[in-house]
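So the sequence lines, in the order shown, correspond to chains W and Z.
The letter at position 209 of the first sequence is residue 224 when you use our numbering, and the numbering goes up by one with no holes.
The letter at position 43 of the second sequence is residue 58 when you use our numbering, and the numbering goes up by one with no holes.
Simulated from the structure, these hints should not be mistaken for lab results.
Just so you know, not all the hints are guaranteed correct.
Which copy? The list can't say, so a pair holds if one copy fits it or any two copies do.
Each computed DSS-like pair below joins lysine-lysine, with the alpha-carbon atoms no more than 30 Å apart [claimed, not checked]:
hint, residue 1, residue 2
1, LYS317, LYS224
2, LYS261, LYS224
3, LYS317, LYS289
4, LYS117, LYS261
5, LYS200, LYS317
6, LYS117, LYS325
7, LYS325, LYS417
8, LYS200, LYS224
9, LYS417, LYS317
10, LYS289, LYS417
Bear in mind that the values here come from a model prediction, so they are computed numbers and not experimental data.
Protein chains: 2
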Amino acid sequence: MNHIDLLARLAIENDTRIVLLVLDGVGDIRSADQPMTALDRAELPNMDALARGSALGRTVPVATGVTPGSGPGHLSLFGYDPTDPEADIGRGVLEALGLGLKMGRADLAARGNFATMDADGNLTDRRAGRIPTSECQRLVDSLQADLSSFEEANVEIVAGEEHRFVLILRGGGYSADVADTDPQKIGVPPLAPQPRTPEAEPTAELLAKIIARMNGVIANEPRANTVLLRGVAQLPHLPQFPDLYKLRAGAFAGYPLYRGVAGACGMEVVPCGKYFHEIVPTVRENWSRFDFFFLHVKQADKAGEDGNLKAKIEVLEQVDAALPELLALEPTVLAITGDHSTPAPLAAHSWHPVPLLVHSPVCFVDDCQEFTEAVATLGHLGTLPASELMGLLLANAGRLAKFGA
Amino acid sequence: MNHIDLLARLAIENDTRIVLLVLDGVGDIRSADQPMTALDRAELPNMDALARGSALGRTVPVATGVTPGSGPGHLSLFGYDPTDPEADIGRGVLEALGLGLKMGRADLAARGNFATMDADGNLTDRRAGRIPTSECQRLVDSLQADLSSFEEANVEIVAGEEHRFVLILRGGGYSADVADTDPQKIGVPPLAPQPRTPEAEPTAELLAKIIARMNGVIANEPRANTVLLRGVAQLPHLPQFPDLYKLRAGAFAGYPLYRGVAGACGMEVVPCGKYFHEIVPTVRENWSRFDFFFLHVKQADKAGEDGNLKAKIEVLEQVDAALPELLALEPTVLAITGDHSTPAPLAAHSWHPVPLLVHSPVCFVDDCQEFTEAVATLGHLGTLPASELMGLLLANAGRLAKFGA
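Hey, can you work out the whole structure from these sequences and the hints?
In structure tokens form, the structure reads like this:
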């Protein structure tokens, strides 16, 4: 039996609280040029004190040697197999959920860009000069007003940042097998929405009509005079956290993609700030509403991607400073790990195992004295697939029934 | 998705060089009678220096507790699942590839022995008194000359060592489901080639005609007056290294079986000597021709099989002495491990995990100070299935694209 199916079979409810703190890209490497990692060098008195009463180990994000993107990395942490085609979350859905929109099983979502085309209908700027978000909102309001009289479908348009928006078709009977209209280059016209299967023809035709209508509304705009659609998608068939693990789950993430993945897994996306010290108070305010709290700290990954070890150290020290506030909530289980490593020498995501800390009254207090890659290698939890972490968290929370008599 | 399928999907080309040095049977055990292993006792200054700048760990050859033969042990290291029936490489194919012969998908190969039978047609020696290789070559030349006029099939016969030869049928329409003609005992006649399925009947009949014709040619030989065929086989459907991993792969192995396995995986078998100090110069000569270099050192296994710890130590010290020559080539990634352990106290292959060293600029320099079984247990790479090693090597070479956005 798959691990996730076994967990679903054994999951039970109780009054515990589980916190999963994802320090995006936290893992790093020791190399000839960088003999110590950010975790080695950072001053983390609170994290180290926590480590001394916890069990350490490591997670392997997707598979040995495989470097995950952020989507697959998080799906693994949430217990899914990101290599399963069923778990492929389309960009339109990620964007919609990331903006906090609710999506039903039958709804269709696409990412939209405002763009500029010339008098001949050829694109001159695929991002409409990155118009300000306020201008985007004004345009979206006009489009939404116009489309409210569109009778062939229930269309919802929501502004994102700068030139970005999300288009959602509510209702049913749609197919997501429609190609992008963004030609990915300028000097050519936008593409018509092409069906990739015969079943998708009606959806493609419908999208063509909607695009034509939108283009009519914004035809005289100086910059944003056309639209491009990408990543047409429907919700993947991921089992949802409340059904799967019997957890009321809240996602506290400052960035759209992570909110989107969490939303697709059945977590409620709670609006919150981008920094850990902003996120923790929001968690506190919602402490009674959830059993499971996914907290996402983006900045460690950003620093790693920039190859900036110093910045990564600072992020970790900032998290450490606010950690006591989180501990004051007295979660039954607190896990700290990353969705992947982002070693500064690589300035990119990597495949290296990610340090993991699990704190609970029954976690097994091992001999690890601090939270670093090297120390975690020797911890009691060993090195496990990230997709098995949920089993460990549920177990530590007493939320898994005994298997067999 | 299977690990190997995932790697195939993500593999990309670049200019790196990967060296996989297999010290056959290198792993050993500490026991009451043998408190230190060969790696513990050997003086390995170069290996230890390498270890101090590398990541260590362990490979599990096939599965926990399972002792592999040489074929499965190597298939695992090359990323395949040796328990998959599709990965079963017949002995005829191993022998043919081991002799450096090319085999097409439709070709059929069998191992042959010259043997002695008496006037009644009963076998008296299944190896024809182990005739010298030169005599084998003379006989094979006569047989090949005769069979060149055989019209029903394109037959190729190639001499091996002593009484051994390989028979290949070129072309198509054959079935490998034909039983051995070697009765595995003397005092009885050779068996007729029996089809194991109805589809194999034409092939069995064809082989019977070829055997009859061969027996006619050598009927008056004093010792080698008949032939026995074993291991009738066709190439297994293993995905090939160039397609699978986008690697031009060269095999540098002194013994036929290892050449055969490597050849079946799509590596080019490069003629070379049997000892590491002979192999390295051949690698150097071919450095520009390949991306991946499989180097095989047999003698550690031989010493283990003989229960000769002292000999095993000497083999390791010989390898260590020539290691700088290999390092001078500056491979991007160098991995050292074994296909299995061959503990001297067991005088046989075993299931024990095998120490692994991976050296690259991004490997994670862990705290391991030497290359031994006990130290490797604490390394950053952890303990992984041997079949996942290729993922690690490709990742360290930057040859795997990121999985997902």
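To see whether the hints hold, each was checked on the structure:
no., hint, in the structure
1, LYS317 <-> LYS224, "neither (40 Å within a copy, 72 Å between copies)"
2, LYS261 <-> LYS224, "neither (43 Å within a copy, 44 Å between copies)"
3, LYS317 <-> LYS289, "within (12 Å within a copy, 50 Å between copies)"
4, LYS117 <-> LYS261, "within (20 Å within a copy, 43 Å between copies)"
5, LYS200 <-> LYS317, "within (27 Å within a copy, 62 Å between copies)"
6, LYS117 <-> LYS325, "neither (39 Å within a copy, 56 Å between copies)"
7, LYS325 <-> LYS417, "between (46 Å within a copy, 25 Å between copies)"
8, LYS200 <-> LYS224, "within (23 Å within a copy, 67 Å between copies)"
9, LYS417 <-> LYS317, "between (41 Å within a copy, 17 Å between copies)"
10, LYS289 <-> LYS417, "between (39 Å within a copy, 25 Å between copies)"
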